[in-house]
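Listed here are the chains, written in short residue letters.
Number of protein chains: 2
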Amino acid sequence: MDAINGSESFEEIPYADIKSFFDSAPSLGDAAETKIKEELENFIRRNSSPSENGTARRVVCVTSGGTTVPLEQRCVRYIDNFSSGHRGAASTEYFLKAGYAVVFLYRKGTCQPYCSSLPDDPLLECFEVSSESNITVHQTHAEKVKGAISDHRAAIARGSLLKLPFTTIFEYLQILQFIALSMRSLGPNAMFYLAAAVSDFYVPWESMALHKIQSASGPLDIRLAQVPKMLPVLRKDWAPMAFCISFKLETDTKILLEKADMALKKYNMHMVVANELKTRKEEVIVVTKNGNITIRRDMTHAGADVEEPLVKLIVDRHSAYISSQS
Amino acid sequence: MDAINGSESFEEIPYADIKSFFDSAPSLGDAAETKIKEELENFIRRNSSPSENGTARRVVCVTSGGTTVPLEQRCVRYIDNFSSGHRGAASTEYFLKAGYAVVFLYRKGTCQPYCSSLPDDPLLECFEVSSESNITVHQTHAEKVKGAISDHRAAIARGSLLKLPFTTIFEYLQILQFIALSMRSLGPNAMFYLAAAVSDFYVPWESMALHKIQSASGPLDIRLAQVPKMLPVLRKDWAPMAFCISFKLETDTKILLEKADMALKKYNMHMVVANELKTRKEEVIVVTKNGNITIRRDMTHAGADVEEPLVKLIVDRHSAYISSQS
Chain C
108 MDAINGSESF EEIPYADIKS FFDSAPSLGD AAETKIKEEL ENFIRRNSSP
158 SENGTARRVV CVTSGGTTVP LEQRCVRYID NFSSGHRGAA STEYFLKAGY
208 AVVFLYRKGT CQPYCSSLPD DPLLECFEVS SESNITVHQT HAEKVKGAIS
258 DHRAAIARGS LLKLPFTTIF EYLQILQFIA LSMRSLGPNA MFYLAAAVSD
308 FYVPWESMAL HKIQSASGPL DIRLAQVPKM LPVLRKDWAP MAFCISFKLE
358 TDTKILLEKA DMALKKYNMH MVVANELKTR KEEVIVVTKN GNITIRRDMT
408 HAGADVEEPL VKLIVDRHSA YISSQS
Chain A
108 MDAINGSESF EEIPYADIKS FFDSAPSLGD AAETKIKEEL ENFIRRNSSP
158 SENGTARRVV CVTSGGTTVP LEQRCVRYID NFSSGHRGAA STEYFLKAGY
208 AVVFLYRKGT CQPYCSSLPD DPLLECFEVS SESNITVHQT HAEKVKGAIS
258 DHRAAIARGS LLKLPFTTIF EYLQILQFIA LSMRSLGPNA MFYLAAAVSD
308 FYVPWESMAL HKIQSASGPL DIRLAQVPKM LPVLRKDWAP MAFCISFKLE
358 TDTKILLEKA DMALKKYNMH MVVANELKTR KEEVIVVTKN GNITIRRDMT
408 HAGADVEEPL VKLIVDRHSA YISSQS
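Protein sequences appear in the order of chains C and A. Residues 108 to 433 in our numbering are what the first sequence spells out, letter by letter. Residues 108 to 433 in our numbering are what the second sequence spells out, letter by letter.
It is worth saying that the hints were derived from the structure and are not from the lab. Some clues are possibly wrong.
Since copy identity is lost for identical chains, a pair holds within one copy or between any two.
[Claimed, not checked] Below, simulated DSS-like cross-link-like pairs (lysine-lysine); rule was C-alpha separation at most 27 Å, straight line:
| # | residue 1 | residue 2 |
| --- | --- | --- |
| 1 | LYS385 | LYS142 |
| 2 | LYS253 | LYS215 |
| 3 | LYS253 | LYS336 |
| 4 | LYS270 | LYS373 |
| 5 | LYS372 | LYS270 |
| 6 | LYS251 | LYS126 |
| 7 | LYS144 | LYS419 |
| 8 | LYS388 | LYS215 |
| 9 | LYS270 | LYS251 |
| 10 | LYS361 | LYS388 |
| 11 | LYS372 | LYS144 |
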């Protein structure tokens, strides 16, 4: 149905730019690369055997947080994309609840699954040391804190949550490629939920200043190159059968739906989640080939978020997609 | 001794640039501004009365973490300065231990006092929920976690630690000015320990794109203006009697000491702490009018840091400075 039918669905993929991006990107290091690949291989093997009721398990890669673009090789300054990682973290919880195994590709330091409703510094804000030198949780936070710790541990322990951190755009795209290649074998049971805020622009490594840029004299001019679009190559080459959802964030509502629609067609996504910076915690619009669906958080329940109905819709559509492929 | 003797010690201060920076900076908001000023006033009042042994209390403003420079008014992208905030957080602990009251002006999300030796996500990495649904700390982390929670609470409870968060360069410099003006009354008992990584360049608010910059076509050129240097105005006008230490971070050792020395003279600092990106956790060089002092962490003790001997040296010099002024 939604699967691709050969390369005619795609605009021309800028293979030369993509090759040059990866060739010039600083390496993750042999040891780190081997470790990530092994963790992925084990995770996919464990989660690709049929579950107890005989149906194939599903695996989703959730990306979360913003990527950085270094301005210097020995990096002191960088360009960053604003993202708390809240959407990715909360969505991960709902995917786990729906029975998915989740590869959580997240920006170091951003919001973690099960922690999205806790204070910024839970250790300092939620705990006390009693006179008997025991650590206690404030009554007001007790249920949430216990839930966060035990649900997180349980997901890790049963092998259904793999967390992989990134910081730079170079790390993000290299690791995303490893994940996609390892999830390829899952066919339509694989999903990509690309909620990370990925830089559109970067400074190519070889044209980057080696040392900290000096502020001695006058203004600073920076020229940024476009990051080659990786979504088409993810869809066409890395994991062609996977169900793919990308995100579009704009601050200008006038161009948001147009841009989301363009992304749907240009990158051959199955769904594009359009969100506007100011209202993104209240509602999103899911753009599909068959029309747009507005998802709002349940205003009648305090604490209800937009991720719960969003993930529910996506899981339903993923089920339909899997059926259509078998 | 080290106090300034009139304006001849300073290069010409760019008052017009500074005025234009503050005039065009987005406001913190009336409510936020009032709250910060009240907290500061109460904190300084509480900590400026003589202590039990009759000596005047000392107050240090420790700045920590990097400032961001928004590239768009409805900010999605920004330039950031790399800084974990570890140095500021660890130094705050030693200043508190030495009897100082500390105003901790920190970048939201960076390292907090008493947490500098804990894992990144202490909640998820240090705790477990037992079968009786009690929260317990792993044995390996127990002492550090208890220490962090109780020492932090104690410092807040006895009123000797005031934490003020910032994100952007605009917030940082506005709040720093409030702090300096409120600490002015402390004379030589005030200290500024300016460990934050402050942007040298910014996009003036009025010339900033309103909406998210579009990636439609070709490379992106950004012109950044220089942030006017605020150190001379802090020294000359905001808090002229305060003891001032600034930090200089470079990746190129060849220019580090020269730049630190220049900062000492140009901004009339009492000390400049020179650190090189790669070795900054092992050693720093403290540049003063009377020569340079190399401070190394105690290699014979695992877990010893460079901040302990650094703060010890600075406290000694501050004592000498106070004596010289009375």
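Against the structure, the hints come out as follows:
Taking identical chains as interchangeable, the C-alpha atoms of LYS385 and LYS142 lie at most 27 Å apart only when they sit on different chains, with a minimum of 25 Å there against 39 Å within one chain. Proximity of LYS253 and LYS215 under a CA criterion of 27 Å is satisfied in both settings, with 23 Å inside one chain copy and 25 Å between copies. In this homomeric assembly, LYS253 and LYS336 never come within 27 Å of each other (Cα to Cα): the closest approach is 41 Å inside a single copy and 48 Å across copies. In this assembly of identical chains, the alpha carbons of LYS270 and LYS373 never lie at most 27 Å apart, being 30 Å within a copy and 48 Å across copies at closest.
Neither within a single protomer nor between protomers do LYS372 and LYS270 lie at most 27 Å apart by alpha-carbon distance, with minima of 30 Å and 49 Å respectively. For the identical chains of this complex, LYS251 and LYS126 are neighbours neither inside a copy (46 Å) nor across copies (47 Å), given an alpha-carbon limit of 27 Å. Proximity of LYS144 to LYS419 under the C-alpha cut-off of 27 Å is found in neither arrangement, the shortest distances being 30 Å within a copy and 46 Å between copies. Taking CA atoms no more than 27 Å apart as the test, LYS388 paired with LYS215 passes in both settings, with 22 Å inside one copy and 21 Å between copies.
In this homomeric assembly, LYS270 and LYS251 come within 27 Å of each other (Cα to Cα) both inside a single copy, at 21 Å, and across copies, at 25 Å. Proximity of LYS361 to LYS388 under the C-alpha cut-off of 27 Å is restricted to the intra-copy arrangement: shortest distance 19 Å within a copy versus 49 Å between copies. In this homomeric assembly, LYS372 and LYS144 never come within 27 Å of each other (Cα to Cα): the closest approach is 31 Å inside a single copy and 53 Å across copies.
The structure fails to meet hints 3, 4, 5, 6, 7 and 11 from the earlier list, while all remaining hints are met.
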